[in-house]
Amino acid sequence: MLHIIQLIVDWSEVWALLVPMLFCKKQPVLFKPVVFYIFIAFFINLAVDIIWKFRTMIPTAFNSNNYLYNLHSIVRFLLFSLFFIRLNQPYLLILKKAIPILFMAFVLINFGFWENFFNYWQFSSRLLSVEAFFLIFYSLQYYLFKINENVEVDIFTPDFWVVTGLGIYMTINFFIFLLHNELTIRLQSFSISLWKVHDVSYIIFNLFLAKALYESSKQ
Amino acid sequence: MNPANNDIRLLLVVGIAAMLMLFISVLLSFIFTQRKKLQFQQSLHALQQAQQYHLVEAAVRSEETERHRIAEKLHDEVGALLSSSKLHFKMMILKNADSQSRTLFDKGNELLDDAITEIRGISHNLHSYILQEFGLNEAIKHFSEKIADSPLIKITTKLDDHYKTTVPQNDIALYRITQELLNNILKHAEANIIHISSVYKNSVLNLTLVYNGQGLTQEMFEELCYTNEGLGLKNIQSRIYLLKGSISFFKVNNDYHIKISVPTLITT
Numbered sequence: 000m001l002h003i004i005q006l007i008v009d010w011s012e013v014w015a016l017l018v019p020m021l022f023c024k025k026q027p028v029l030f031k032p033v034v035f036y037i038f039i040a041f042f043i044n045l046a047v048d049i050i051w052k053f054r055t056m057i058p059t060a061f062n063s064n065n066y067l068y069n070l071h072s073i074v075r076f077l078l079f080s081l082f083f084i085r086l087n088q089p090y091l092l093i094l095k096k097a098i099p100i101l102f103m104a105f106v107l108i109n110f111g112f113w114e115n116f117f118n119y120w121q122f123s124s125r126l127l128s129v130e131a132f133f134l135i136f137y138s139l140q141y142y143l144f145k146i147n148e149n150v151e152v153d154i155f156t157p158d159f160w161v162v163t164g165l166g167i168y169m170t171i172n173f174f175i176f177l178l179h180n181e182l183t184i185r186l187q188s189f190s191i192s193l194w195k196v197h198d199v200s201y202i203i204f205n206l207f208l209a210k211a212l213y214e215s216s217k218q
Numbered sequence: 000m001n002p003a004n005n006d007i008r009l010l011l012v013v014g015i016a017a018m019l020m021l022f023i024s025v026l027l028s029f030i031f032t033q034r035k036k037l038q039f040q041q042s043l044h045a046l047q048q049a050q051q052y053h054l055v056e057a058a059v060r061s062e063e064t065e066r067h068r069i070a071e072k073l074h075d076e077v078g079a080l081l082s083s084s085k086l087h088f089k090m091m092i093l094k095n096a097d098s099q100s101r102t103l104f105d106k107g108n109e110l111l112d113d114a115i116t117e118i119r120g121i122s123h124n125l126h127s128y129i130l131q132e133f134g135l136n137e138a139i140k141h142f143s144e145k146i147a148d149s150p151l152i153k154i155t156t157k158l159d160d161h162y163k164t165t166v167p168q169n170d171i172a173l174y175r176i177t178q179e180l181l182n183n184i185l186k187h188a189e190a191n192i193i194h195i196s197s198v199y200k201n202s203v204l205n206l207t208l209v210y211n212g213q214g215l216t217q218e219m220f221e222e223l224c225y226t227n228e229g230l231g232l233k234n235i236q237s238r239i240y241l242l243k244g245s246i247s248f249f250k251v252n253n254d255y256h257i258k259i260s261v262p263t264l265i266t267t
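Residue numbers (numbering that gives the first Met the number 0), protein chains in the order written: chain A, 0 to 218; chain B, 0 to 267.
Where hints are given, some of them may not hold.
To be verified - Below, a list of computed lysine to any residue pairs in the SDA-like style, where the Cα atoms sit at most 20 Å apart: (1) 35(B) x 149(A); (2) 36(B) x 85(A); (3) 36(B) x 3(A); (4) 145(B) x 99(B); (5) 35(B) x 148(A); (6) 210(A) x 30(B); (7) 36(B) x 140(A); (8) 195(A) x 131(B); (9) 195(A) x 185(B); (10) 35(B) x 144(A); (11) 35(B) x 146(A); (12) 35(B) x 147(A); (13) 195(A) x 8(B); (14) 250(B) x 185(B); (15) 36(B) x 31(A); (16) 31(A) x 101(A); (17) 195(A) x 15(B); (18) 233(B) x 26(B); (19) 258(B) x 211(B); (20) 36(B) x 45(A); (21) 210(A) x 48(B); (22) 36(B) x 146(A); (23) 36(B) x 147(A); (24) 195(A) x 85(A).
Calculated from the structure, these hints are not laboratory results.
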């Protein structure tokens, strides 16, 4: 039984994405970045888990999946930034448009001078925590804008579900991402157990995305 | 156990807990504030609806009061004056009058009769005394008989006798709606058969008008209500709104149907 649960949690980054994928059809332009994210993340995560499960059969030069986490982080950040910009909230507009540029500058400088994008042993804690920080900022500014806006019909709009899911996921994982490199060196088994928290939060995130896309397709 | 490792663990646990608490508190305050705002908006909307309702009510009531006042004036004052004139006319002695004077006298007498009938008609149209005395069913029947007084059109009625007036003002509104609809059918539909029926069930009066010719569909009705041409239809809509009822226009085979549903326990 434990083995089955272990297997489910291990592959959660893949199957969890299948839930929102069910509602991806006929989405408005606003949710296109989210739809793209779901499909791209599915293929990246599938590659991540396949490499991890069959690492003994793959040549050493190709059996690390850490660069895929870095790639996933960049893709996720850019697509969700686009989603927040497309929300058309006239609040901190310049800053919101500048953040993706700043982030890409950070990626280039970080991987150009300090870190290796294709690090065999670990993904970039710095990249993932910066991504989490900016996405938390985006989520909080969304709520601040909405508080000042008039409520028309419903609080729980499809964009609310996307932002809340993303916010919860990033809030839980900010410190996990930040300290992951340090933990893999000092407390490897703890870091592996902690990744299960990430996996559970990823399932929650995907359920929120599914709810958002379902509500949006109903409208 | 290495104390530095413990510090990292503690930092991690405290960090995650603090971040989560912060996020949840922002989320809860957001939901709470939005709920309050939504409630406020809803109460504001309800207030605006009530205000609009009162405005429509005042407009319809004042129109009705004015109709009543004019009808009374015409019936009691102008009608009485004309009847008195007629009496004086009758008492005139035309023994030595020539044939031309006699013709003029007869013509004047005839015109006076016409004026009396016309004034009576206008007065009854403006305020139905039958409605006041005998209720909605009789008023509709009487109005139908009056306008069907021609071989070109046949109007039949089958009105539910179980219906009894609860709020007289509602009956006036229903009568005016029926009047307006029948006038519209006569004017625009080129109908030669009209059937009016009513069913009273569960405190809801369902009044149906079925006619042939060129009728209205729901879309056409809604479109006309937003144009300047559909003043009568706008009036119907206002009265339906006031009665908290509904009106629907539809076509079944070659006949056009107008269905009015009004809850009779509503006191406006």
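Results for each hint:
1. 35(B) x 149(A): Holds. Residue 35(B) to residue 149(A) sits at ~11 Å (cutoff 20 Å).
2. 36(B) x 85(A): The given pair, whose Cα atoms are some 25 Å apart, is violated under the 20 Å limit.
3. 36(B) x 3(A): violated, 47 Å
4. 145(B) x 99(B): Violated: residue 145(B) and residue 99(B) sit about 37 Å apart, past 20 Å.
5. 35(B) x 148(A): holds, 13 Å
6. 210(A) x 30(B): holds, 17 Å
7. 36(B) x 140(A): holds, 19 Å
8. 195(A) x 131(B): violated, 80 Å
9. 195(A) x 185(B): Given that 20 Å is the threshold and the Cα spacing comes to 78 Å, the pair is violated.
10. 35(B) x 144(A): holds, 16 Å
11. 35(B) x 146(A): holds, 11 Å
12. 35(B) x 147(A): Distance ~13 Å between residue 35(B) and residue 147(A) Cα, so the pair holds.
13. 195(A) x 8(B): holds, 15 Å
14. 250(B) x 185(B): Answer holds: residue 250(B) to residue 185(B) is near 18 Å, not above 20 Å.
15. 36(B) x 31(A): The given pair, whose Cα atoms are some 30 Å apart, is violated under the 20 Å limit.
16. 31(A) x 101(A): violated, 23 Å
17. 195(A) x 15(B): Roughly 14 Å between the alpha carbons, so the hint for residue 195(A) and residue 15(B) holds.
18. 233(B) x 26(B): violated, 46 Å
19. 258(B) x 211(B): Measuring from Cα to Cα gives roughly 15 Å; hence the hint holds.
20. 36(B) x 45(A): Roughly 44 Å between the alpha carbons, so the hint for residue 36(B) and residue 45(A) is violated.
21. 210(A) x 48(B): Cα-Cα ~33 Å, so violated.
22. 36(B) x 146(A): holds, 9 Å
23. 36(B) x 147(A): Distance ~10 Å between residue 36(B) and residue 147(A) Cα, so the pair holds.
24. 195(A) x 85(A): Violated, at about 33 Å.
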